[in-house]
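Undergrad: Sequence:
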Amino acid sequence: MAGRIGSLILKDTIQFARDKTILVVVFWLYTLEVLICGYGMTFEVKDLPVAVVDNDRSPSSRDLIDRFELSEAFEIRGYPADQTEAERWMRQGDAQYTLVVPVNFERDLKGGRSPQLQILLDGTNSNAASLAKDYTTEIVAQFEREASVTASGGQGLRPAVQIWYNRTQTLESFVVLSMILAAVLMVGTIHSAATITREKEVGTIDQLMVTPTRIWEMFLAKTVPTLVVGVMGLFPSLVIIWWFGVPIHGSLLLFLALTAVFLLSAIAIGVLIASITKTLQQALLLCFFGLFPIMFLSGTMTPIDSMPAFIQPWTELSPLRHYMEIAMGIFLKGVGFAELWPAALKMAGIGAVLYLIAALRFRHNLKSG
1 MAGRIGSLIL
11 KDTIQFARDK
21 TILVVVFWLY
31 TLEVLICGYG
41 MTFEVKDLPV
51 AVVDNDRSPS
61 SRDLIDRFEL
71 SEAFEIRGYP
81 ADQTEAERWM
91 RQGDAQYTLV
101 VPVNFERDLK
111 GGRSPQLQIL
121 LDGTNSNAAS
131 LAKDYTTEIV
141 AQFEREASVT
151 ASGGQGLRPA
161 VQIWYNRTQT
171 LESFVVLSMI
181 LAAVLMVGTI
191 HSAATITREK
201 EVGTIDQLMV
211 TPTRIWEMFL
221 AKTVPTLVVG
231 VMGLFPSLVI
241 IWWFGVPIHG
251 SLLLFLALTA
261 VFLLSAIAIG
271 VLIASITKTL
281 QQALLLCFFG
291 LFPIMFLSGT
301 MTPIDSMPAF
311 IQPWTELSPL
321 RHYMEIAMGI
331 FLKGVGFAEL
341 WPAALKMAGI
351 GAVLYLIAAL
361 RFRHNLKSG
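Mapping of the sequence shown onto my numbering: position 109 corresponds to residue 109, and the numbering continues sequentially without gaps.
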């Protein structure tokens, strides 16, 4: 009996060692995924992009701004000419925090009056906004303790914080939208990968390849049903959005149209996975293996600006990052296509490149056997 068990163990071990997909997944889970999470996953706020409107331009205002710049929580991205331009930066996502220093800031401090700082915060991520408020309180308190103007009779500062796009700072809007967007990604990727690999298993793909059908025609036939399912599946989600009270400040039609663009990228990922794998089991495993970095790099788990600098450029490769920007912009900010077209173009570009790679893979597979 021991011999039979030993033979079975040896057989399964050899089979495991020959399965390259399983080996890659195991290596990923034990090494690369741990490294990515260790370096990139944080619940702190770091390098939050800040726009500064300094209406006083005095040594005291410069001292205060320098304290924000020296903080790890904030990164000064620029100095808009006025508050109107700073608000435009906020709408476009170029800044998530605006510091407005009033006129006569230094004079009021020295004169014993209490100048009012104006703080505008992007509240789409309520956790980041809450932490940013706490950091602001710390910086202002330290400025009051250490600045020479407070020692000469100033009564302190009065920061007036305004939370934009999520005044109640509820987490539900961000969480509900993030989960729905992740569901769209999974539907597009898994459905397309499963459909193609299932046909590869039963041999219908090989039959199609000996017909005059071209690869792009086959891709189109696989794309359209998944596209329809992905978009139609959003309608029940819209009921959930209404149930949780998530605001819809922008165009719902624009959101659905750009969802279709995002789905093309998600479907392209699935098609690429199907071009690599031979069985449905391998395809599903690789889908879950591949979707984690896409979701991680999207900013749904950790704000992108809080990630290490060497990881941030890689987030541009995640179509979910750009879809997040679109969804948050439409639902919470009420922005239109004029502000969102760069994100839509990036999604379309990612999808086009992935489709091209998948087509080359399928063509190579045909020539090699």
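To be clear, the hints were calculated from the coordinates, so they are not data collected in a lab.
Predicted model, so just to flag it, every value in this text is computed and none were measured.
Accuracy of the hints is not assured; some may be wrong.
As the list claims (entries may be wrong) - Only pairs whose alpha carbons sit at most 30 Å apart, straight line, appear in this in silico BS3-like list of lysine-lysine:
1. 200 to 133
2. 222 to 110
3. 278 to 200
4. 133 to 222
5. 200 to 222
6. 346 to 46
7. 110 to 133
Undergrad: Evaluate each hint against the coordinates.
TA: Evaluated hints:
no. : hint       : verdict
1   : 200 to 133 : violated (55 Å)
2   : 222 to 110 : violated (71 Å)
3   : 278 to 200 : holds (7 Å)
4   : 133 to 222 : violated (48 Å)
5   : 200 to 222 : holds (13 Å)
6   : 346 to 46  : holds (25 Å)
7   : 110 to 133 : holds (26 Å)
In summary, the structure is inconsistent with hints 1, 2, 4 from the numbered list given earlier, while agreeing with the others.
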